[in-house]
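**Q** Chains as they are written, first to last, in the UniProt record's numbering: chain D, 1 to 366; chain P, 1 to 312.
Hints were generated in silico from the structure; no laboratory data involved. Note that the structure is predicted; figures quoted are calculated from it, not measured. There may be inaccurate statements among the hints.
One-sided excerpt, in silico: chain P residues whose CB lies under 7 Å from chain D [stated by the list, open to error]: (1) G164; (2) P167; (3) Q205; (4) A211.
The beta carbon of each residue, even a glycine, is placed where N, CA and C say it ideally should be.
Next come the chains, spelled out residue by residue.
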Amino acid sequence: MADVALRKVVKRYDDVEAVRGIDLDIADHEFIVLVGPSGCGKSTTLRMIAGLEDISDGDIMIGGDVVNDVPPKDRDIAMVFQNYALYPHMTVAENMSFGLRLKHYPKAEIKARVTEAARLLDITDLIDRKPKQLSGGQRQRVAMGRAIVRNPKVFLFDEPLSNLDAKLRVQMRIEIKKVHQKVRTTTVYVTHDQVEAMTLADRVVVMNKGRIEQIGTPNELYHKPATRFVAGFIGSPAMNFIPCRLEDVGGALQIRLTDRIAFALPPARAARYNALPRTDKLLLGIRPEHLTESHAHLAPGVETFDTVLDVTEPMGMETLVYFGLDGTPVCGRVDPNAGAKDGAPMRLAMDLNNMHLLNEETGVVL
Amino acid sequence: MADVVVDRTRVTRATGARKGTSLRNALGRKSTVAFFLTLPLILLIAMLVLYPAFYSLYLATLNKAMTKFVGLSNFTFLFKRETFWMVVQQSCIFAITAVIFKALIGFIVAHFVHNIPGKKQRKWRGMLLVPWVIPPAMSTLAWLWLFDPSYSAFNYTLSFFGVGPIPWLGDTFWARFSVILVNVWYGAPFFLIMYLAALKSVPDQLYEAAAIDGANWWQRIWYVTLPMMRNIIAITTLFSLIVTFANFDIVRILTSGGPLDTTHLFATWAFQVGIQSSDIPLGACVSLFMVPILAVAAIFILRDVSKRGNEA
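Bound-form chain P, shown alone (with noise of 0.2 Å):
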């Protein structure tokens, strides 16, 4: 397919250039209506992701006035600031505990759903859905009265054991417990149905090869079903690290990052540095610093997926 696109290039580069009709020649190339055709979507990139990126580095670089040009400074100033690196910290501990359990509850609830039989199993499936399709900052409002420590079901129904009441959203512990579990509540469903579609794309014969083979349930898990969804995993999982690290409006709606900034997130801290403290430059600079964690990150899982893709 290839050749024949450059070789119908090259002879219409020929005819062309004999007729001396460039703009014809330069239309008829397949490549230009491609690039003309992208356009739009190019222009769309270029002025939502790459202009507030490069907007970004350049705000990064200026003092808090934005009046003058301070280099670095501002990267080293946060490097000397304790916050950072317990955000650092934190961000890290909230992605990696929040997308293993998503992962986890995601792959056992999928099993589950995909052994339900027929019409059933649609009706499971939207259902289980729900918490992905509902707006987060909407549901989290909900979960924030969940967790009143006073007047919440959950402190109430606690009682009924002599439990409690918990302060869900008051200690730091229980803080960072309530907004990863809202987190992995919003979050599964997106697992689930990733791994419910990887589920089924798995022959039924293999498993039937595998029993006879010997395999009990936890080995057939083990040497088919995992081996089958590597590339699923790998590619679900980098998606949610990167969606769950930059999260957002959970935090921001239960806790604002606090107690004492001990649920704050590189974007919820970015915010209240660069918005609520009015200091642009260094929310710019907080948030920059997603960026190489993210990065090394996709080069690892992605490297992994296309050394395995060719298996299947």
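Bound conformation, chain D alone (with noise of 0.2 Å):
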């Protein structure tokens, strides 16, 4: 096991840069998450730390050591694909020893390991199929059997669920962060899914056009993102945006979203966001589930407004309401019993200790 640092790493094809200099640490031990909308570079990122994929630039360190020109099989790594890439010839024990094999491990000790791989995944009665004999989630746990066995310094995961149907995928997500716990090896683990990675990271990075836009936490990302984009991928049903101006009124700051609507800002905003110029260039984020129905008692800080709503989706344990505010979409949360409804006039409550505001123009959250 070990740690892995990527230094101002940059990946061109031609004239594209996929990867424009990112700069990671990751932890010995560490689940890290690469998250990103398609063609952000997260994928090639995990490939050049495989060594499938030279790196034009930069520098990548596994266990302190630089392995830019070090070919994948030297790198001591263990890879899980996105389509299992199981050997269609061999059994399930067969797959997961092959690179025991290779290295000449004595042969008790690649069936003590496989059978030991073979425990913990729970796959004991298919040892000896074949991987055309499997269901998809077998064959992702033989997948991910083929990289135990080698007890590798760094475990690479590329989008391992997405051909999996959402049942199982929350199954095997499970699955993954129970084998973490126990195998403790170092993790990076791509995919596109938010709730994949905020559910499995110890951290997440959330990459777009070839950039890191944040590294943080899960929770981090969420309550404290930095920029809009992180803001937005985040979450779902995603943040509101609303355009916005701040304005001095009475000493007071407040916060203008339409001509009728304006809230006062609560003094912990105020003072965080009074330096700012009143320009008009300015965005309010803000989450659906603080855009609530609004109640008798509000808390200090929330503040109600009359609106009509467009559409309501009953989900259950909440209901889903969406209106506009001078032409721009808005989704809130409330209460399944709050009498949302198509077409009809609600009172809604904007819970203002937990709104962003962000630069329109740059992206960026004040």
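Please assemble the complex out of the two chains, which come individually in their own frames, going by the hints.
**A** Here you go:
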């Protein structure tokens, strides 16, 4: 097991820069998830760590050693692929032991390691089958088993769950987490699914257009996003962004959303935003769960406004409500018993204690 | 799917029986329609394959003048002739050596072509297919000139190195070498194209997984490429073995079986015995010997293919 470090790593394909100078430190035993939309460079980054792609610039270190020119087989890593990449002509046991056999491990040790990994992944009964005779979830386990038996310094996962159906994906997600808790190998996991990222990671790396947008624990990313991209990418339904401006009214700072709607900012927020220029180019970022039905007794910093709902989506434990503020679509989450109806007026409450203010041009959270 | 068809046939049969219109009933059956649709092909095969096959069986049992039934005496006569056993041996050497080299060259070149990127690959693929596309009778004529002992490009070039002149088609060893060389030149592109298709169907991630597992390039070929291509290799080899074994044109044009019958194959010898020496029953008899040899090869290879067919 080892730590992994990326220093100003760049990947160029002809004229296109797929990865644009990434710095990342992954601690020993850590579970890091790279997440981002397709084409953001996350898979390329993982493949560079694996040695399957050359790096155009920068350094990659595993366990303190620069591995830029070390071939994959000598990096002591194991990788789980999206389509499992099991050898179809080998049995489960042969698939799992292939790497060990190539390295001429003693037969007894190979057997012991395969048996142990099979037990850990609950595939002992499948050991003599060929991949074709396995279900998707079982193949995924075998692919993980192949990684585990090698006892490598680093595990690399390249979207391992995207070929599974939704139910199995949740199940395997938990399985992967359990395995990591047991073996504690440093893990780099790539996914485009933010739920997977949030649930699995010690730290999440959000990537966009070949750059790292933000690195943080799942909670940090959710509650303190650094940029509009992170704020919009993490969380479902996504954060609302409403054009707004700051106004000084009688010595207090207020935020104006529309001609009709303006709220006084809570003191803590007012102090934070007071120094900002009073431009129009601001966005209010507010998550749907901070836009709820109004109550008789409102906490300080929670302001109400009236609106007409366009569409409601009853989800069971909550109802999503959609409405417009000067043409900007906004989503809120209300109690299923709050009486939200399509096309009906409703009084909603906005929790400004959890608001974010963004610069519309730069996308930076202020 | 099959169940549905069977059920529908039964239903049609039942209702048809009630109405008593047996012709409409018969035409209504899917199997009847299918039979009529395949009838032209069946007739074609019967005319061009079955009839000649049985006719040659019949011919093989006649005497030279084709007037008398002689049973198996043509066959027993062949067994006693030294030339026959020479032809058996030569056909085997020719087919096996040529197929091995065709497969080997096809495999190696397919790897090179597979690694050429994009548009260039198409050009190379097209160029490398040329030998297979030219009618062999024509290209073999060109080879015949190249092999000419006095004025050919080969011997002229070799003369600069102080080698030769080599009697390409006049000496047993070189004549055999030459017919095999031309056959390999003609047939290797077929292997190339089959192997290239097979190579393309191996997912890249298997190679990546193998690279991470610690396999070097040779181990990747041995443990990933070859097992993944096993079926294609088997089928291509079988197909080529049959075609090569039954080769006629290359030997006929280059050596006509000479020198002293040492390059004769079944087909060319059958032609010489049957057509040129006017002993059609004996010629038919020679050509019939190809059947059991090829049948055994086909059974072995195809049994292996169906055994592995379910893996991938």
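**Q** Of the hints stated earlier, which fail here?
**A** 1, 2
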